[in-house]
Amino acid sequence: MMWRSPLALVRDALRGQRAREKDLRNLASNLPYEGLEKVKQPNRFFPGNAIKTTKYTLLLFIPMNLFEQFHRLANIYFVGLVILNFVPVVNAFQPEVALIPICVIMTLTALKDAWEDFRRYQSDRKRNNTPCFIYSRKEKKFSERSWKEVRVGDFVKVFSNEIVPADLLLLHTSDPNGVCHIETSNLDGETNLKPRRAVSGVCVSDPEFEPESFNSVVVCERPNNNLNHFKCYVEKPDKEKVGAGIESLLLRGCTVKNTDHAVGFVVYAGQETKSMLNNNGPRYKRSKLERKLNIDVIFCVILLLSMCFVGSVGHFLWLEEFPDVPPYLVPDSNGHLDSPGLSGFYMFFTMIILLQILIPSSLYVSIELVKIGQIFFITNDADLYDEETDSRVQCKALKITEDLGQIEYIFSDKTGTLTENKMVFRRCSIMGTEYPHKENAIRLAVLEEPESGEEVIFNQRPQLSQTGWSLHAEDTNPEEMQHHHDNRRKSRVTGSAPSDVAFSSPLETEVIPDRKLLQHISRVESSGSRKTDPYLDFFLGLAICNTVVVSMATAERQRASRFSRSRQTNNPLDTLSNVAKKPFSLRHIFTSWKNKPKRSRTISEDSVVEEEHFNAPVKIDGSGNTDGLQTCSLQASSNSNDPARTPDNVTYEAESPDEAALVYAAKAYGFTLLARTPHSVTVRLPSGEDLVFELLDTLTFDFNRKRMSVLVRHPITKECVLYTKGADYAIMELLGTSYAEHLRGKQKNIATDTQHHLDFYGKEGLRTLCFTKKVVSKKVYESWLVCRRNALAAIDNREELVMETSVQLETELTLLGATGIEDRLQESVPDTVVALREAGIRVWVLTGDKPETAVNIGYACRLLEEEDLVINMSCKNKLECTSILDCTLEEVKRYSEDPRNVDTSQDIALVIDGRTLTMALSSDLQDRFVDLAKHCRTVLCCRVTPLQKSRVVKVVREKLKVMTLAVGDGANDVNMIQAADIGVGISGQEGMQAVMASDFAISRFKHLKKLLLVHGHWCYTRLANMIIYFFYKNVAYVNLLFWYQFFCGFSAATMIDYWLMIFFNLFFTSVPPIMFGIMDQDISAEMLLGVPELYRTGQGAGEYTFTTFWVSILDAFYQSLVGFFIPYLAYQDSDIDIFTFGTPINTISLFTILLHLSIEIKAWTVVHRVTMLGSVALYFIVTLAYSAMCVTCNPPSNPYWILHSQMADPMFYLLCIITTVVALLPRYMFHVLRNSIAPSPLMQARRLDRLDASTRDEWMKEWRSFRGLGQVRRSRLSPPPSPTLDTPADIFPQSPTASDIMADDLTLNVITDNCQRPVHM
Amino acid sequence: MVKEEKEIANRPDNTAFTQQRLPAWQPMLSAGIVIPGFVLIGLAFIGIGVALFVTSRSITVLEIDYTGIEKDSACFKCSNADVKNCVCNLEFSIDSLFEGPVFFYYGLSNYFQNYRKYAASRDDEQLSGDLDAFTAPSDSCSPYDYNGNDKPIVPCGAIANSMFNDTFVLYRVVNGANKLVPLDGKGIAWWTDYNVKFRNPSVTPLKNAFNNTVKPIFWPKPAYQLDASDPANNGFINQDFLVWMRRAALPDFRKLYRRITDGEYAKGLPAGNYSLTIAYNYPVQSFEGRKKVVFSNVSWMGGKNEFLGIAYLVVGSLCVLMSIVMLIVYAKFKFPEED
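Respectively, the protein sequence lines represent chains D and S.
If you count the first sequence from 1, position 27 lands on 28 in my numbering, and the numbers rise without skipping.
If you count the second sequence from 1, position 255 lands on 269 in my numbering, and the numbers rise without skipping.
Among these hints, one or two may not hold up.
Cut-off 20 Å, straight-line C-alpha distance, at most; resulting in silico cross-link-like pairs (EDC-like, lysine to aspartate or glutamate) [stated by the list, open to error]:
#1 S/LYS131 - D/GLU321
#2 S/LYS165 - D/ASP333
#3 D/LYS149 - D/GLU38
#4 D/LYS962 - D/GLU38
#5 S/LYS131 - D/ASP914
#6 S/LYS318 - D/ASP1134
#7 S/LYS91 - S/ASP79
#8 D/LYS851 - D/ASP914
#9 S/LYS318 - D/GLU38
#10 S/LYS131 - D/GLU97
In case anyone wonders, no lab produced these hints; they're calculated from the structure.
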């Protein structure tokens, strides 16, 4: 190491500072400087890639932690007391001893902080040591290094499924077009693939990129946290500048997908990366209980001050009484006595020191310890563990566990939260004909009920993807069928690898074609009329009209799987590396099945196939199939080089799950999307022929148009064809009247028929899409192209103009058909919703879907019951909205006041759409809306934006002053999650953004039930009881000292040794209440789940109220009176000395305080017993040892041999027994009498819990008999019902006609009751 | 197969502890269950109460106030602080045999030995015979640590300084003549005080240890001359000193002065007339205190105190009463499953 002058160091530091602050950074390659010392490195000023999220360093831990801790009010109080101890006039003895409690408390807190920080350190280290490939000039290749060694200016190679270690400027990819797909779910929760383009023209696109030849300078902006913006240019040696933006930046934390490898230049590293700049530490929330607690602490302060005041005045009066100076008044060292007034004043402060523990400052640290324990138990609950994703519940907010027990409103997202967000193609309607796909429905039903699924024999030959669709499917002989069945069973076991990548599970990928439709297509195929047949067009539209990316099922690299191990850390970035875990990892498939129970829910044939492919990836493909590709145009030929690209092992990755589902559906009918490049789309037809469409343009989806289109040139007819898909209302108004000549006149019918089908789909809860086709004449196309180019080239209003051109083209469409896609409800959602409802929680659903779908989902998950009164609010202007709101409110009030409706279980539900919601939430209507919502059991908000979601939560939370919980899974729920008291994120298909913003992360909606009903109830009850107990304990103990003041001239003398007093609070009586707070169970989990009503005890004010607080304070006063005056009366007029008098009092209060706790403890486990007995034993051992050893150790306290002599005296025991009994008798009696005369629901539940299982169930049923426990009716196949007229500007109960009810008894959720009881305007 | 373990790495342990299913005893507080307990406790308490009450009743106590505030009091003349070395005689009679062993106490009222600063005003090091503490008493003794000439006071502190110094001689009046009742001054202090806590410095003669120190301001004699009759009863292990140094917990207290155990009085004080000669030294007017002498015999439960016996009786009966109440409650509100 060369010596450098300090001046040079300073200069260097300054230069570094300047370099970092500069708006533009010039970055050069590190390679020419490789091996040189640091001073010569061009990028030495920029931070390395190692990251540090820890708060403290090893050396500075103590000062920094102390500084943190002194920010807390409780600690400041404590320190103030310690300082007061050192003030001479206060006459505190042994002021050093006063330091002990604060030291112990702060040490505990520091240990906790250190442990948390250590965990962060570990996760940092793990991340920093993740391997990656950096180019090394010495080795002439990319060599394996760890993330922390990455520096700005390095070249990093990232392979498929690997996580990008730093912000990279993409220079080269394995893709000939220079495209690299990334998945940014770690950053923004979006799972779709985003293409990133290599900076063009910077490096020669050799097959292999030569980093050494890179001699340009990269100029980029200063790091910022905007994930969607990046500005930079590359300056070549010849001064040519090439600009690049966010489309060329690979962000740290993203996963590279679909690209074999990519090479990038590191522009930002470590803390300066965009993802790290976006990472804003943990959030601090304060629970409702703690807010209440703080108020009570203030009461304690008032109590303390008034007691000190009494002491002060008492001392003054006491001094005033003396005619002369008595011998026991000790003057100060000058022989001078303070005047009574001054002494009284000083005594005030001495009293504060004496009575200081009245403020339960140890309460705060105890609460934190208790919460850590509670979180331990929550995260360790096996019921909240999801096997499929191998994830437990995560508690991100450490301070609000008890809020879980007080929830009154739940705001839930729909897609992905209530539903699985796994889109499954269910049925379709083509040219006005409905194809119900019965077999497919059966398959789905089988998947849903795994147990019975074993018995089902498929009488339809399942579609085997590797053989493609065969026309002879139905001729299969029975043996073969049996074989297939076996095969299926076998593969069901093997194929259950956890799928982390969306849309890849067989549930979504496999569609069993409808037999009739299949026959129809085969007829069309063979008839040769395929150029114009609308059926073929429909499927082509399905396959083409999307932005689905085709990826090959390449076997996962060994390296990539290593990432997956770090998944369950708290760190979101680490957690997200799970995406690297591809289902095609064969080791996964082979090994995981052993751990799975037989009844795995997925079926996969693919996995078996993959296995073969893995062994011989080239051979299988090559045969014959490539012949078909000869007809391909030039663009497609690049794909044909890829040996793995066959229909069998393509997988699709789409922006939205719906698109993938449609493509898979098309594939099931033989229309396989084979490849998509920027300029072409390749589709294999059922006949095996490959069609390569020239992709002319894609009119992307936007929220205004609610549709997307693809403009292609048909390879055979050379016509320009526009395929459009979109929401029904966005399509229907654009339909043209002219189609092929022979269909003229029928078009209208098709539209109405399709509309019927669509309505029916909506009722069934299916997501609907319409497909249209339009042939664009060459002339129109050319003129449009000009407009389009102009729009694209426009500088101002570019987006609007582009959209306009899209609208221009999307006219006169011809309807092909419609699809219904099911987003299935998650497992036991209805059950959970019913339980939550019974628990007194109102569940609101906020969704972006249309009202019909939302209402349907509402029925399916039992948010709405069939007899419920459903109010549908949808209006166009504010005036209307106001009047509707007023009328409804009046009506609802009248309804709920109507005595006839008292016993009916009929409830009111409100369905409101986004536009109306905005009006209803405006400041003047807010109150009315909230008032109305209060009367509704459930509210469904449809078509709401993320911002509206959070607004709803905020309004309800603030107006109704209730505890709210928001649960969601996607980025659009983040606002809502953050606005609620508790945000719960579901780590599902939509990435981690919701999870990152949440306080608790669960993997399934059903986990909410146990999390709230059991853990929430427990955490709340435990903590509330513990806090009340803590207040009681301190008051009861301190008051003993206070009563003594009346007998010692208010001189702040204690009859208990100072050390023993401190030990008493810190050691003898601290552990049992903490264990109580962590482990007590007032009711068993089974009971809490079985009787959700019990949850209501915690709602609203809950158990911790003003009354309970003051009752316990009064009880403490009573107990301290008893605990002091019984010994006083017993020792009156005797020769008892101070500590001999105090010892039984101390012992009595130990027993009283511990036995008081044992009255409160509801379930005595071995832990409770050990801590209880341990505390008593500790008291006696420590006190005995201390009084035996301390002869002169710490004057003035001197308890020598006192407990020993007391324990030899029978009076001591007699005194202890009677005092403890008298002190606890009232509380005990109160509990006994209340439990006997008016048992609380909790008490009744505990009684039930003791009964044996069968009697218990009987009782439970009887107890809850008023509630109907009907089964959830699942949606079944049924003919489409006749359409109902939509009158959106009206309030109307969802009323299907009577014929509907008669016609399809299988349709779910028909509202029956409201026919008789409509709401009048 | 490492992978296999990884696969379920996050599965929580399925133990009774982590799943919160530890076997637990769930006591149910309700009338039907607690009745037997209440009856049992009530009866036991009544039993103890009776025993305590009977024992307490058997204890005889004789208290005589000799403050001398009242004009007709024998010690009235001595209550004037100006009179030095005042002696007064207290006559009293005992009707029946005062069963022995009789304990002879002096009592003070309104005397706050538990006053915070007073109770701390002593030096344990010094009292345990530490010679260093003789020359430099602890701060806690202030202002009774040094006299005006900066000489250390031994024993220092307010407690020692204010030691009670009335002395008593008891005579039995037999046929008009005073017959001395022997008082036993040994073993009236705690054994641990006498043997462990308080030690004289191991200097012989004891007087030398007190060189360069002065006696407490209020004391007439230095510590090594506290008991002229018994050289072993001097210094810090003087029994009267030890008794005084054990600070009383409450402002009205008594302290053991002597025991009457010798010879013919071992069985107690026979009936008859007695005369108590009091050397009245200790002033109590400054705090409106009272002084008294107490003769008492003791039982296993200590001195006479009827409170505890009564308390046990009351609480015991209360428990029995409660159980009756609960029986009614139980009959009325019982949970059917309790049968």
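To see whether the hints hold, each was checked on the structure:
1. This hinted pair checks out: S/LYS131 and D/GLU321 have alpha carbons roughly 18 Å apart, not beyond 20 Å.
2. For the proposed pair S/LYS165 and D/ASP333, the alpha carbon gap of about 18 Å is at most 20 Å, so the pair holds.
3. Proposed proximity of D/LYS149 and D/GLU38 is supported: the alpha carbons are some 18 Å apart, at most 20 Å.
4. Between D/LYS962 and D/GLU38 the alpha-carbon distance is near 63 Å, which puts this suggested pair outside the 20 Å criterion.
5. Proposed proximity of S/LYS131 and D/ASP914 is contradicted: the alpha carbons are some 76 Å apart, above 20 Å.
6. Annotation: proposed proximity of S/LYS318 to D/ASP1134 holds, straight-line Cα distance about 9 Å (limit 20 Å).
7. Taking the CA atoms of S/LYS91 and S/ASP79, the gap is near 14 Å; set against the 20 Å cutoff, the hint holds.
8. Distance restraint check for D/LYS851 and D/ASP914: the Cα-Cα separation of roughly 8 Å lies within the 20 Å cut-off, and the hinted pair is therefore satisfied.
9. For the given pair, S/LYS318 sits about 93 Å from D/GLU38 by alpha-carbon distance, which is inconsistent with the 20 Å threshold.
10. Under the criterion of a C-alpha separation no larger than 20 Å, the hint pairing S/LYS131 with D/GLU97 is consistent with the structure, at around 18 Å.
The structure fails hints 4, 5 and 9 (numbered hints given earlier, in ascending order).
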